[in-house]
Amino acid sequence: MKLSLMNKIYWGRLLLGIAIGLLCALLNIKGLAAVLFSILIYAILYYILKLAFGLDSERLGGPRKLLLEGIGAYFLSWFVTWIMAYTILMA
Numbered sequence: 007m008k009l010s011l012m013n014k015i016y017w018g019r020l021l022l023g024i025a026i027g028l029l030c031a032l033l034n035i036k037g038l039a040a041v042l043f044s045i046l047i048y049a050i051l052y053y054i055l056k057l058a059f060g061l062d063s064e065r066l067g068g069p070r071k072l073l074l075e076g077i078g079a080y081f082l083s084w085f086v087t088w089i090m091a092y093t094i095l096m097a
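All letters in the sequence shown, in the order written, are residues 7 to 97 by my numbering.
Don't read these hints as lab results, they were simulated from the structure.
Glycine is no exception: its CB is placed at the ideal position from the N, C-alpha and C atoms.
Don't take each hint at face value.
[Said to hold, decoys possible] Cross-link-like lysine-lysine pairs, in silico, DSSO-like; alpha carbons within 27 angstroms at most:
no.	residue 1	residue 2
1	K56	K14
2	K8	K71
3	K14	K71
4	K36	K71
5	K56	K71
[Unchecked claim] The calculated label-pair distances, taken between Cβ atoms and stated as ranges, are:
no.	residue 1	residue 2	range
6	I50	L11	27 to 35 angstroms
7	K8	V41	33 to 41 angstroms
8	D62	I94	24 to 32 angstroms
9	F85	M12	19 to 27 angstroms
10	L38	G78	14 to 22 angstroms
Generate the whole structure from the sequences, applying the supplied hints.
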């Protein structure tokens with residue numbers, strides 16, 4: 007099965023959300039610091055996709071499309087993973 011570039015970005019962000027959720031729990035990052043950390047990682051990922059990989063945001067549907075593709079999956083997977091891992095580690 008061949009995935010389109012936008013599908014790869016979506017699934018990559020979902021998996022990154024899981025990894026960052028585990029990292030926040032393992033490093034015992036709590037509250038607003040964890041939220042800000044996850045936002046910072048998401049912003050860094052956007053610039054990595056845009057600059058390092060040289061993705062043309064206009065070809066993909068504009069800069070807004072590149073920014074928002076997978077944002078819900080990223081934050082939902084981060085949040086659920088962070089809560090579950092933190093709960094297990096603190097039990």
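Hints, one by one, checked against the model:
{"no.": "1", "hint": "K56 / K14", "result": "holds (14 angstroms)"}
{"no.": "2", "hint": "K8 / K71", "result": "holds (21 angstroms)"}
{"no.": "3", "hint": "K14 / K71", "result": "holds (14 angstroms)"}
{"no.": "4", "hint": "K36 / K71", "result": "violated (30 angstroms)"}
{"no.": "5", "hint": "K56 / K71", "result": "holds (12 angstroms)"}
{"no.": "6", "hint": "I50 / L11: 27 to 35 angstroms", "result": "violated (19 angstroms)"}
{"no.": "7", "hint": "K8 / V41: 33 to 41 angstroms", "result": "holds (35 angstroms)"}
{"no.": "8", "hint": "D62 / I94: 24 to 32 angstroms", "result": "violated (42 angstroms)"}
{"no.": "9", "hint": "F85 / M12: 19 to 27 angstroms", "result": "holds (23 angstroms)"}
{"no.": "10", "hint": "L38 / G78: 14 to 22 angstroms", "result": "holds (21 angstroms)"}
In the structure shown, a violation is registered for the earlier hints numbered 4, 6 and 8, in ascending order.
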